[in-house]
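Asker: Using the hints provided, position chain H relative to the given structure of chain V.
As given, the protein sequences belong to chains V and H, one line each in that order. Mapping of the first sequence onto our numbering: residues 7 to 387, in sequence order. Mapping of the second sequence onto our numbering: residues 14 to 689, in sequence order.
Taking lysine to aspartate or glutamate pairs in the EDC-like style, the calculated list, with each CA pair at most 16 Å apart, reads:
hint, chain 1, residue 1, chain 2, residue 2
1, V, K380, H, E687
2, V, K17, H, D208
3, V, K380, H, D208
Hint data in this document are derived by calculation from the structure and do not stem from the laboratory.
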Amino acid sequence: MAYTDIDDPSKHFQSVIWTGNGASDTRTISFDGNSDMQPDWVWHKQRNDTYGNHVFDSSRGFGANKELITRGNFVEGDTSNFNTGANGYVSAAASDGFVVKKGTNSSNGNRYINESNDTHVAWCWKANGGTTTTNDASSTSVGTIDSVIQANTEAGFSIVTYTGNATDNAQFAHGLGATPEWILIKNRDTNVDWTMGHTDFMGSSAENIRWNGSSAVASADSAAGSHFSRNAPSSTVVTLGNGAGGDFSTDTNQADAHVAYCFRSVQGYSKIGTYVGNGNADGTFIYTGFKIAWLITRKSTGNNWIIMDNKVSPNNPSSIYARSDTAEAEGTSGLDIDMLSNGFKIRTTSAAANSNNVKYYFMAFAEHPFVSSKGVPTTAR
Amino acid sequence: MVAILGANSVSGGYEIDNSLRFNDGDASRLAFTPDGAGDRDTFTISLWFKRGVLGSEQRLFSAGPSLGTSNNNISSVRLQNNDQLIIFGEISQSVSFTLQTNRVFRDSSAWYHIVVAFDTENGTAANRIKLYVNGVQESSFSTANYMSQNVDTFFNAANVHNISYTGGNYFDGYIAEFNSIDGQQLAPSDFGETDDNGVWIPKEYTGSYGTNGFYLDFSNDATKHAIAVVGNAKHSTTQNKIGATSISFDGNGDRLDIPASKLMETDSGTIECWVYMNALVDGSELYYHPPIYAKGNVYQSLTVRANGKVASHLYTGSVNDLVSANAISTGEWVHLAVTWNDAGRKIWINGVLNGTSDVSLTAMDAGGNNATFHIGEGTADSHTGLNAYVDELRVSKIVRYTSNFTPYTSALTEDSNTTLLIHSDTDNNSTTFTDSSGVIGGPGNDQSGNENHYTPFALGATDVTTDTPTNNFATFNPLGGINSSGKWTFSEGNTQIQQNNNNNWRATGSTMAVANGKWYWEIEFDAGTMSHIFVGVHDSDVSLEGTNRWVAGSTLFYNHEGGEIRQDGTNTTADYGVLTAGDILGVALNMDDKQISFYDNGNAIVSNFALSSSITGFAMPTFLAYSSNVVYKVNFGNPAFGISSGNSDANGHGNFEYAVPSGYFALCSKNLAEFG
Numbered sequence: 007m008a009y010t011d012i013d014d015p016s017k018h019f020q021s022v023i024w025t026g027n028g029a030s031d032t033r034t035i036s037f038d039g040n041s042d043m044q045p046d047w048v049w050h051k052q053r054n055d056t057y058g059n060h061v062f063d064s065s066r067g068f069g070a071n072k073e074l075i076t077r078g079n080f081v082e083g084d085t086s087n088f089n090t091g092a093n094g095y096v097s098a099a100a101s102d103g104f105v106v107k108k109g110t111n112s113s114n115g116n117r118y119i120n121e122s123n124d125t126h127v128a129w130c131w132k133a134n135g136g137t138t139t140t141n142d143a144s145s146t147s148v149g150t151i152d153s154v155i156q157a158n159t160e161a162g163f164s165i166v167t168y169t170g171n172a173t174d175n176a177q178f179a180h181g182l183g184a185t186p187e188w189i190l191i192k193n194r195d196t197n198v199d200w201t202m203g204h205t206d207f208m209g210s211s212a213e214n215i216r217w218n219g220s221s222a223v224a225s226a227d228s229a230a231g232s233h234f235s236r237n238a239p240s241s242t243v244v245t246l247g248n249g250a251g252g253d254f255s256t257d258t259n260q261a262d263a264h265v266a267y268c269f270r271s272v273q274g275y276s277k278i279g280t281y282v283g284n285g286n287a288d289g290t291f292i293y294t295g296f297k298i299a300w301l302i303t304r305k306s307t308g309n310n311w312i313i314m315d316n317k318v319s320p321n322n323p324s325s326i327y328a329r330s331d332t333a334e335a336e337g338t339s340g341l342d343i344d345m346l347s348n349g350f351k352i353r354t355t356s357a358a359a360n361s362n363n364v365k366y367y368f369m370a371f372a373e374h375p376f377v378s379s380k381g382v383p384t385t386a387r
Numbered sequence: 014m015v016a017i018l019g020a021n022s023v024s025g026g027y028e029i030d031n032s033l034r035f036n037d038g039d040a041s042r043l044a045f046t047p048d049g050a051g052d053r054d055t056f057t058i059s060l061w062f063k064r065g066v067l068g069s070e071q072r073l074f075s076a077g078p079s080l081g082t083s084n085n086n087i088s089s090v091r092l093q094n095n096d097q098l099i100i101f102g103e104i105s106q107s108v109s110f111t112l113q114t115n116r117v118f119r120d121s122s123a124w125y126h127i128v129v130a131f132d133t134e135n136g137t138a139a140n141r142i143k144l145y146v147n148g149v150q151e152s153s154f155s156t157a158n159y160m161s162q163n164v165d166t167f168f169n170a171a172n173v174h175n176i177s178y179t180g181g182n183y184f185d186g187y188i189a190e191f192n193s194i195d196g197q198q199l200a201p202s203d204f205g206e207t208d209d210n211g212v213w214i215p216k217e218y219t220g221s222y223g224t225n226g227f228y229l230d231f232s233n234d235a236t237k238h239a240i241a242v243v244g245n246a247k248h249s250t251t252q253n254k255i256g257a258t259s260i261s262f263d264g265n266g267d268r269l270d271i272p273a274s275k276l277m278e279t280d281s282g283t284i285e286c287w288v289y290m291n292a293l294v295d296g297s298e299l300y301y302h303p304p305i306y307a308k309g310n311v312y313q314s315l316t317v318r319a320n321g322k323v324a325s326h327l328y329t330g331s332v333n334d335l336v337s338a339n340a341i342s343t344g345e346w347v348h349l350a351v352t353w354n355d356a357g358r359k360i361w362i363n364g365v366l367n368g369t370s371d372v373s374l375t376a377m378d379a380g381g382n383n384a385t386f387h388i389g390e391g392t393a394d395s396h397t398g399l400n401a402y403v404d405e406l407r408v409s410k411i412v413r414y415t416s417n418f419t420p421y422t423s424a425l426t427e428d429s430n431t432t433l434l435i436h437s438d439t440d441n442n443s444t445t446f447t448d449s450s451g452v453i454g455g456p457g458n459d460q461s462g463n464e465n466h467y468t469p470f471a472l473g474a475t476d477v478t479t480d481t482p483t484n485n486f487a488t489f490n491p492l493g494g495i496n497s498s499g500k501w502t503f504s505e506g507n508t509q510i511q512q513n514n515n516n517n518w519r520a521t522g523s524t525m526a527v528a529n530g531k532w533y534w535e536i537e538f539d540a541g542t543m544s545h546i547f548v549g550v551h552d553s554d555v556s557l558e559g560t561n562r563w564v565a566g567s568t569l570f571y572n573h574e575g576g577e578i579r580q581d582g583t584n585t586t587a588d589y590g591v592l593t594a595g596d597i598l599g600v601a602l603n604m605d606d607k608q609i610s611f612y613d614n615g616n617a618i619v620s621n622f623a624l625s626s627s628i629t630g631f632a633m634p635t636f637l638a639y640s641s642n643v644v645y646k647v648n649f650g651n652p653a654f655g656i657s658s659g660n661s662d663a664n665g666h667g668n669f670e671y672a673v674p675s676g677y678f679a680l681c682s683k684n685l686a687e688f689g
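Bound conformation, chain V alone:
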């Protein structure tokens, strides 16, 4: 069988950086990848200041006050803290990028996303072009609660919206066609934390980690750790919490609207895994089988999230990083990582990426597979 089914990852994932120009209304931000890509998930971060970590998607709809904030527990479109309608937002997907729009604030309408001379990055994934399917659980017998699915099964990514039912072991269909290995869930209606599930611990005794926080993996025996079931996700459904803390209704399954972003590894394109630090600047090498375009890592015992990409850091060492769980501008030193043709290598002793004998979670996406199905090897980085 061929090494990979995805010879051109830019059909499914792209990063883009831009400098704000203070446009009077809208501005189209275009990708520069090999293929045109209409994104369905846009995650924006201002690089030189504190704004951003705003997430928009085509299932919930782009537009004013449709953002979710990764660095807090805020509801969708929180206007008291982050009024994107006033300060700027992603208003639509474009055929090869997306449109940013000035908010209604007459003096700061571009503040979040297109203020003159501010620098920005967005990480974007393609699902299904905004076209969703609805799983009627009672009809299909897949899951126990209905879900609206927008899936890119080829690239292992789906956006799922559902309304919780505050019931133990509730299940929603995810549409990936294979078992998800990384799941992000956010309650859209209530100020509760993001939940992240990883294949390393979902279904075991430690069951979730906060995307908007820096705490350690929470045990399923605690209230904070009960948001996924002890039953690991399957190729069809995700099972929500029934942890010993009995706190199932808090984060993932209240009777509220939720969104879940589900990922699985696809050979030559994406990899979800773990590594163990060695505490040495000549750090751990992690094999992915592709040249890295984007990388997120998180220390299991607690630290900030680290995000790197090949647009912000086109060369090695990759030393510019963002965090999903804080408001800070991007960091520029102290966290060197080499993104390589077949994986990545830690080049720092920072605890955020390389404490000795400590486990880290990561998810990575490809710039190119290590070799295409046509036998073309990628270049060294």
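Answerer: What follows is chain H alone, placed relative to chain V:
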């Protein structure tokens, strides 16, 4: 006997067949000194490289007359201790230019392409040196000090040029597709292109090379020309000028053919010989070079007319004949020569200038036609054969004569400017003709047609590999397997490792791992203490960092200590035998059926052993040792050691000591794409 397998197969697109492996521990390098200066201001260097040892100063290419003499005169492209790339020049110990990247080059699993393009005459300082990496112009430099305008570098000067070396600082790794273009500042698009998926890939350079330019494809091809006899051409003792014989042409279908020749496609040169005419037949051809259509259907010849005058005949859409002022006669030895350069061409008889034309033979320069060159007669019916004896024929890529001279009367010796040299000093009627010019063959052979051959030092046949930018082979991976007691010592393009710290575990993986398919590789052990040797696979998701990986889960090793299989840290009870120094351990990994087999010198010792169920993702070839100073030499198909038999896989890839098991393949990118 060393067997070198054939080049990589073509699967569409431009294929690079070979690379050259440099081992810094061997002080391996290539060197060449031009006879004269080319363009020292404007030129382009393009090469692909894959790194071996990291973290040391290594020169990719340098030129200059002195270094380390407190009077450095050197221009170089080198990798720094911190793995950044620097383009650096000194003149009389003073720094002339420095361009050092912020980027580090320490991805040793794949190939980099760099283009360094100079134009010191450019009015904009930042345009005097341009560096491109994988097709993209580098813009981030830790130091960017450009030379003053019009400064001459030492590249293309008449001083030594080294690939991999100047006063130490040997390169360690692989180099492929080395183009040096004298006189042009080119773009990466001349040497590479982006494929449909956005990957930067090599393409064939088709332009000219200039005086001191060269092209090293590391094919190890000989540059001596093959000489084919047609008709009754032969050595004859009837007449002889130098040596016992001369070459006899009877004027009736006799000739010597030199196929795939670029002899007359240089921008300057000399063709000369001694000739003894038996008859003056109008238009009889001493040599004939057929048309180069890409250059406008140009062709040329040297003919003798019925009146004894000699004509240098050139056709470039119209005829241009340079006819000698004097005539030659039958029955005597006469030395004839034609020289050419940009200024035109000249004809010489017995060392005396006999005619000048401002129309040069450079119309054929770099024609790339690889046409067959004929001596004694053209090929078509309209051509007229030479009825004469010819002796000591030489073609050179330089103008040998600029004023009247005394022709040679003894056998010539080849030099770096000689592109063809035919002696005749043998048995009567012999039909064996050899070219005594050039090098016998070696990895430094220039394939540009310029004959700017590089002399290899500490580089042998096993250093010519098929690990290339178009078919990347697995090697040991020096980036993994770190522990507090240090690392292995890596060498030979990361195909050799040595345990250098007794009583400490070492582990390393390879640069490729596989989830599917069937794969074969070999490991030779020939030094150190033969104990505590573990060879097998581990799940690439399991870290090799730390110590004692031999007790870890998600692993399966052949354990030389007792000849056991050690799976997930536990030995089986079977004893499959131990290795002895010099043995070659074969590993056949079947990821389709999750099995592994081991061979000792081609004999199966473990067959179809089930892999650990905990190996769920990529299985990575893995190597452990505790033994003192043990040396592993891995052969994923590009061995750094001699192969006596030479076995490739069913796709024609790899070069193994023992037969590759049916259905198994070498671990290289072409196979990985198909099966992995």
